Amino acid sequence: MFFKIFKNASSHNNKYRKILKKVTCFILTLVFVIPFQQVAYAELGDGESEADVIRFVAIGNSITLTPGVLDDGTNWWNNCGMAASEPSKDWVRMLAELLSVNRTRHVIFESQYIGGNTFGEIEFKKQLIYEKLNPNIDLVTYELTENLLHDVKNLMVMNDVFTDLIDRTKEKAPNAQIILIGSFWDRKDTTEPLLKLIAQFNNVSYVSLEVLWNNPPFKSYIGAQILGRDGQMHSVDSQGVADHPNDYGHAYIANAVYMEFLKHHPNGY
Numbered sequence: 001m002f003f004k005i006f007k008n009a010s011s012h013n014n015k016y017r018k019i020l021k022k023v024t025c026f027i028l029t030l031v032f033v034i035p036f037q038q039v040a041y042a043e044l045g046d047g048e049s050e051a052d053v054i055r056f057v058a059i060g061n062s063i064t065l066t067p068g069v070l071d072d073g074t075n076w077w078n079n080c081g082m083a084a085s086e087p088s089k090d091w092v093r094m095l096a097e098l099l100s101v102n103r104t105r106h107v108i109f110e111s112q113y114i115g116g117n118t119f120g121e122i123e124f125k126k127q128l129i130y131e132k133l134n135p136n137i138d139l140v141t142y143e144l145t146e147n148l149l150h151d152v153k154n155l156m157v158m159n160d161v162f163t164d165l166i167d168r169t170k171e172k173a174p175n176a177q178i179i180l181i182g183s184f185w186d187r188k189d190t191t192e193p194l195l196k197l198i199a200q201f202n203n204v205s206y207v208s209l210e211v212l213w214n215n216p217p218f219k220s221y222i223g224a225q226i227l228g229r230d231g232q233m234h235s236v237d238s239q240g241v242a243d244h245p246n247d248y249g250h251a252y253i254a255n256a257v258y259m260e261f262l263k264h265h266p267n268g269y
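Under the working numbering, the letters of the sequence shown match residues 1 to 269, in that order.
Simulated from the structure, these hints should not be mistaken for lab results. Nothing here was measured: the structure is a model prediction, and the numbers come from that model. Backbone N, C-alpha and C define an ideal beta-carbon position, used for all residues, glycine too. Keep in mind that the hints are not guaranteed to be accurate.
To be verified - So the derived label-pair ranges between C-beta atoms look like this:
| id | residue 1 | residue 2 | range |
| --- | --- | --- | --- |
| 1 | L149 | S208 | 32 to 40 Å |
| 2 | L149 | Q239 | 17 to 25 Å |
| 3 | N159 | G68 | 28 to 36 Å |
| 4 | G268 | D151 | 44 to 52 Å |
| 5 | G268 | Q239 | 37 to 45 Å |
| 6 | V152 | K263 | 33 to 41 Å |
What the hints assert, rightly or not - Calculated pairs, SDA-like style, for lysine to any residue (alpha carbon to alpha carbon, straight line, at most 20 Å):
| id | residue 1 | residue 2 |
| --- | --- | --- |
| 7 | K126 | I178 |
| 8 | K263 | N203 |
| 9 | K126 | W185 |
| 10 | K125 | R168 |
Let the sequences and hints guide you as you build the complete structure.
What follows is the structure, given as structure tokens:
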């Protein structure tokens, strides 16, 4: 079914056809083949030290973590990235699997939901972020721009807010690689170019999701089946949920972040 959707979508989107072909085989492997393990929120085992683990913290909006019912009343059935068919298929857990594949070090990670559609709200919730950080963290990701209001006032403070986030992250987690993740939705005329410049000016990594913009194979849909905390399957009945990445979209994000992480660890980690 995926190949049929891919064919139909890419015929209308030739700009991305070659790129999509390169990542399709990997994403299918990540979604269907890798045996997902319970790696979330693990602690050090007996006899382990920090050198034996990889720690990362994922800060973001609903794509990174959706904790039940959102502020706007949108319903969600699980404690994971929205529209993933089950927790193991959200991008954070897929990234954890990629980081742990063929490694002796296991992965310890945590997600933090930061909602809100203004930078003022993000500013207000910064303490939640800083509480997650410490010198043992190896990777910190920020995925925050999808919901932001794109008015002039909001964009004017974007640089200050992100620069402060980056500075404080470097201070509290000095050994961590920082990755700013671009928007899953088309923001080419607003936050996206600013985010890229902020990453460059502050010497941190940037991951673009432009290839996913307006690309049906990587987006959920009305009627998609989601496994809930209650063990039951639920049908997506909200367009707000349906606009989020499906398992393939989450897998793409995980792979893109993983490849950026590897650039900074050419000799392994």
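### Unmet hints by their number, sorted upward, for this structure
Hint check: 1, 9 fail, others pass.
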